[in-house]
Amino acid sequence: YFPHDEKVVVMANALFYEYDQLYRETGDPDYRPNGTICNSLNSIYARMNRHSMNLADYTDRIVFLIQRMEEYKVNFKDPRDKTATFNRILHAAESHLPQDPLLEPLQTKENFEVALSIFKKFHDSSLQLSPNNATYQIFLRACTKLPDGAARNKLASKAFELCRKNGCVTTESIFKLYTANPEHAIAVLKENDYLGFDRDLFPFAA
Numbered sequence: 001y002f003p004h005d006e007k008v009v010v011m012a013n014a015l016f017y018e019y020d021q022l023y024r025e026t027g028d029p030d031y032r033p034n035g036t037i038c039n040s041l042n043s044i045y046a047r048m049n050r051h052s053m054n055l056a057d058y059t060d061r062i063v064f065l066i067q068r069m070e071e072y073k074v075n076f077k078d079p080r081d082k083t084a085t086f087n088r089i090l091h092a093a094e095s096h097l098p099q100d101p102l103l104e105p106l107q108t109k110e111n112f113e114v115a116l117s118i119f120k121k122f123h124d125s126s127l128q129l130s131p132n133n134a135t136y137q138i139f140l141r142a143c144t145k146l147p148d149g150a151a152r153n154k155l156a157s158k159a160f161e162l163c164r165k166n167g168c169v170t171t172e173s174i175f176k177l178y179t180a181n182p183e184h185a186i187a188v189l190k191e192n193d194y195l196g197f198d199r200d201l202f203p204f205a206a
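Sequential numbering of the sequence shown, starting at 1, is according to the UniProt record's numbering.
Possibly wrong hints are sitting among the right ones.
[What the hints assert, rightly or not] Calculated pairs, SDA-like style, for lysine to any residue (alpha carbon to alpha carbon, straight line, at most 20 angstroms):
hint : residue 1 : residue 2
1    : Lys-77    : Asn-132
2    : Lys-120   : His-91
3    : Lys-77    : Ser-43
4    : Lys-121   : Glu-70
5    : Lys-120   : Ser-130
6    : Lys-120   : Cys-168
7    : Lys-190   : Gly-167
8    : Lys-82    : Glu-71
9    : Lys-165   : Asn-133
10   : Lys-190   : Glu-172
11   : Lys-165   : His-123
12   : Lys-121   : Arg-68
13   : Lys-121   : Asp-60
14   : Lys-109   : Cys-168
15   : Lys-82    : Asn-133
16   : Lys-109   : Lys-165
17   : Lys-121   : Lys-190
18   : Lys-121   : Leu-155
19   : Lys-77    : Ala-56
20   : Lys-77    : Ser-95
Calculated directly from the structure, the hints in this document are not laboratory data.
Please construct the entire structure, taking both the sequences and the accompanying hints into account.
Right under this line is the structure:
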């Protein structure tokens with residue numbers, strides 16, 4: 001389901017898939033999806049309403065587009081666009097997580113699996129995909145929507161460890177870590193001089 005711009009999305013997808021199929025059938029370079037087509041389609045995906053869409057369909061479309069761009073050596077207009085594109089999938093998965101995971105365990109499981117798979121891509125060196133501050137804030141927010149327990153604690157602490165390693169720590173990511181795994185957040189702050197932040201920002205760790 002694609003609200004408002006459904007016809008635009010359908011037409012853009014049809015054009016992309018038609019060119020892709022013709023190129024594969026004929027090998028004619030005139031049919032190979034170029035930068036204009038690929039970047040335009042990515043821009044259309046960026047404007048879609050992530051709260052109303054089918055998450056699996058949205059994810060599949062974007063991943064397929066990126067795979068083709070890499071195969072055809074088509075670059076994003078801005079190198080940061082690749083990170084932003086994967087962050088959109090991550091945000092879509094996070095926003096589809098139920099507020100109460102115990103009431104909707106299946107939806108929680110399915111949507112978090114999407115978030116986790118995308119988060120792992122950010123740390124796959126072969127993909128040349130760089131996470132940024134938003135990547136960790138979104139994923140830690142997703143962790144807060146998991147049921148309490150050891151699994152949530154482990155995921156959140158590991159994510160924050162990667163966040164620190166990549167120099168992406170913000171007050172927002174610290175607060176999300178605290179929501180997901182309070183004990184670990186307090187320990188990390190106290191053992192590391194509040195990570196360079198003013199300690200008054202974190203009354204829970206006073």
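Against the earlier hints, flag every one the structure doesn't satisfy and list their numbers going up. The structure conflicts with hints 14, 16, 17, 19, 20, although it agrees with all the remaining ones.
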